[in-house]
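Student: Each chain is listed here by its residues.
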Amino acid sequence: MFRKLFINAFILLLAASCSQPLHLLKTETKNYRIEAAPGSDVDSMTYYRILPYRESLTAEMSAVLAVSDQAIDKGQPEGLLGDFVADACLSAARQNYVPADNIPADFVFLNNGGLRNALPKGNITKGNVFELMPFENELVVLKIKGTLVKKIFNFIAEKDGAPVAGVQFAIKNKEAVNILINHQPFDSTKTYKVVTSDYLANGGDQLSFLKEANERESMNLKVRDAIFRYLQQKTKAGEHIVVKKDERISYAR
Amino acid sequence: MNGSAMPGRRNFLKTLAGSAALLGMGASPLELLAKQDIEKLTILHTNDVHSRIDPFPDNDPKYAGLGGTARRAALIKKIRAEEKNVLLLDSGDSFQGTPYFNMYGGELEFKLMSDMGYDASTIGNHDFDNGMDGLVKQLPNANFSLLCSNYDFSDTPLNNHTQPYKLFEKGGIRIGVFGIGIELQGLVDKKLYGNTVYNDPLSKARYYSHFLKEEKKCDLVICLSHLGYQYKEQKISDEIFAGESEHIDLILGGHTHTFLDEPVHFKNKNGKEILVAQVGWAGIKLGRIDYYFEKNSKKKDAVGTSLKISRKSSAI
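Quick mapping for you: the protein sequence lines, in order, are chains A and B.
Under the working numbering, the first residue of the first sequence is numbered 1, with each subsequent residue one higher.
Under the working numbering, the first residue of the second sequence is numbered 1, with each subsequent residue one higher.
Among the clues, some could well be false.
To be verified - Below, in silico cross-link-like pairs of lysine-lysine (DSSO-like), each with a Cα-Cα straight-line distance of 30 Å or less: (1) A:LYS172 - B:LYS84; (2) A:LYS143 - B:LYS191; (3) B:LYS84 - B:LYS217.
To be verified - Computed footprint of chain B on chain A; a stretch qualifies when at least three of its residues, placed anywhere within it, have a C-beta under 8 Å from a C-beta of chain B: (4) 25 to 34; (5) 48 to 57; (6) 200 to 210.
To be verified - Below, a sample of chain A positions facing chain B; criterion: calculated Cβ distance under 10 Å: (7) SER44; (8) MET61; (9) LEU65; (10) GLU136; (11) GLU215.
To be clear, the hints were calculated from the coordinates, so they are not data collected in a lab.
None of these values were measured; they are calculated from a predicted model.
Beta carbons are placed, not taken as given, at the ideal position from N, Cα and C, and that holds for glycine.
Just chain B, with the same shape it has in the complex:
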């Protein structure tokens, strides 16, 4: 499966020794390094697992025998054994949908996500189903970050328990991940979300994606979105988000329980490629996206830099 993966920095010295031997034959060491120094990043993702700890029972009319956390955990372990740089992310609504949530309030959902090594999740509308206190109570079971940039929790029990974004570094690749939540009014009972303030997702996304790409120099900017893939009406969705964005490379979506066979390619505001992925719900699927980065490709970087300047000016 990872036959095409090339060695990373840890094998650099070996490469260096090999280059020295080849130098006499006319190959430039720089060229050689550029060719060989490829780093692979594997993104794994889920959304809307909705407390589906166990597989669907055999008499389920639609999904008999599908899903199950113990199988997902085994698959994730297998992929981790094969890949060096893995990031495991969730796009919200881990809670609500089976008696596991009614009986244990999300304790097991968060414990299992921690066991599987989730790096971050955003907050879905159903994650409020036991109220703000119900969510706060389960936080000690989560050793991953809850990311949301457009909910202001200052005046709620969740204050200081979430972050707008998080930076990751895997094999020299810098990844910026931020979260976006759906409008709660009219969707979640006010008594459950309390004094949470919903801020415009597009303006927050514009700010944080620019910040991550330009200031924090991320090679990849990922948005964990719980907006939903698309709607019949003109409501903000991942589809609209993708076209309006400038610095996001990948949107991992949720909420609409959309089974996309594979991530969908969109053009962002500048005509640049952006991927939108969503894997239905209930842990029936695990999504995977592998990014192959060329390290130290000086010539191409220069092109990237000039593009960046023009993009910056067009953004203002």
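Next comes chain A alone, as it looks inside the complex:
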């Protein structure tokens, strides 16, 4: 008889649990760090799933392109990585950009969000450059009015810096001041040529105003390929990669 009662109670409870939310007693949380440590196992099935991919990838990506004297990482308002990539793009523009109007490019402007990994001290491999610049973005040259150029500099100031080359300025109260372009004081009535990525030129990173550019020319060169060339040229010249901050962006005192 008791058993029957239990079964009825059980059915009732089941019915209740279907329509009413369960009561939450407590939560416990934990974050695991994934690292090579004692007790941290490697799953064999996963390892062998990856292996054939890794082997053909390593064959392709382990080529050493250059040797760096220092680790190259991001920084604000100026960072070694931003300086390095922007310099590589400026160098590419000096060598590869054939302007229709015979006026060379003035400066380079990129975004920190587009630099995806640091470069190590020592050997820099093709794979390192892919990780730094995994995107297929291409370099473009925009011809823009001085008023828009000022917007770019204020955008950079607002973000506490961005990768630039060919310019020098200071940040004061989130605004760009004392701007030099090609060592000349910035003139808002002039038209300038800025080298950037097609991603930013298309309005990426909330830069919709860049779409107002007067003219746009493609360099038919990926940002990543510009970095490859820069590294290979240094190596060919027998040089290591040496990057030093040159105060191209600073905070105004």
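Once you have looked at the hints, place chain B on chain A.
Tutor: Chain B alone, transformed into the frame defined by chain A:
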């Protein structure tokens, strides 16, 4: 690790027999069941793995030796061996960041996630990096669901390949999971996302979380978000989302690569607790949240029900 976990329904008969023996001693069987019938749900989560199949190399300036899918897979297997009810989720941007993506287009990323038994993922902005066709091409390698409730893919190749939400049932616990994506304009090149229509995340989240909690009677509502944890400017983020929500219990976030030491407690619109979690990026960490539910706690359920009515009216 699971010493405090109590037996679920599968041990119910044993409990029943024990209760019958105790009945003579005055303990009510209902009370006894309520005390003993605890079900534990383990949520495991990652975000922004960005094609980090292998650990960072030893010469990496920041993360040398960290991460690696084979180690994450081993850890997940170990946890699955210990726990009955596991849900494994990702908050987007599985793609882009190492040559694995440049060479294989995301094939290995999705195959490994399938191997590890991911239940669902939302779509991050970088998952569009090979365009809509590039993502569609990899879908046969994914045996988990892609969830996003605020991207309308009707006029794109992704049409009918994603779902706004998914229901799971683990050990009698009903879990509703839905996805929320970040605004693509100004972030992703238009040529990559094509005719995807971005809808307001808050209104979609309000609808789906209410639907999952009230209509589908979920015990737990999880939002897989790729909005980002917080911003200096007034831009919609998980932080703002948490305060504006009413029916979400947990936001598993991404995009900003934020390493939260542990999930952050927020109060939702009704002053009720909501958790926001994010575990950085690159598969350096695996997040875990264990929920202990009391089954058949009739008295407390009644309280929950009355609260629900007042919440409903305040929502209108």
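Student: All the hints need checking, so say for each whether the structure fits it.
Tutor: Verification of the supplied hints:
no. : hint                : verdict
1   : A:LYS172 - B:LYS84  : violated (57 Å)
2   : A:LYS143 - B:LYS191 : holds (23 Å)
3   : B:LYS84 - B:LYS217  : holds (22 Å)
4   : 25 to 34            : holds (count 10)
5   : 48 to 57            : holds (count 6)
6   : 200 to 210          : holds (count 7)
7   : SER44               : holds (8 Å)
8   : MET61               : holds (5 Å)
9   : LEU65               : violated (14 Å)
10  : GLU136              : holds (8 Å)
11  : GLU215              : violated (20 Å)
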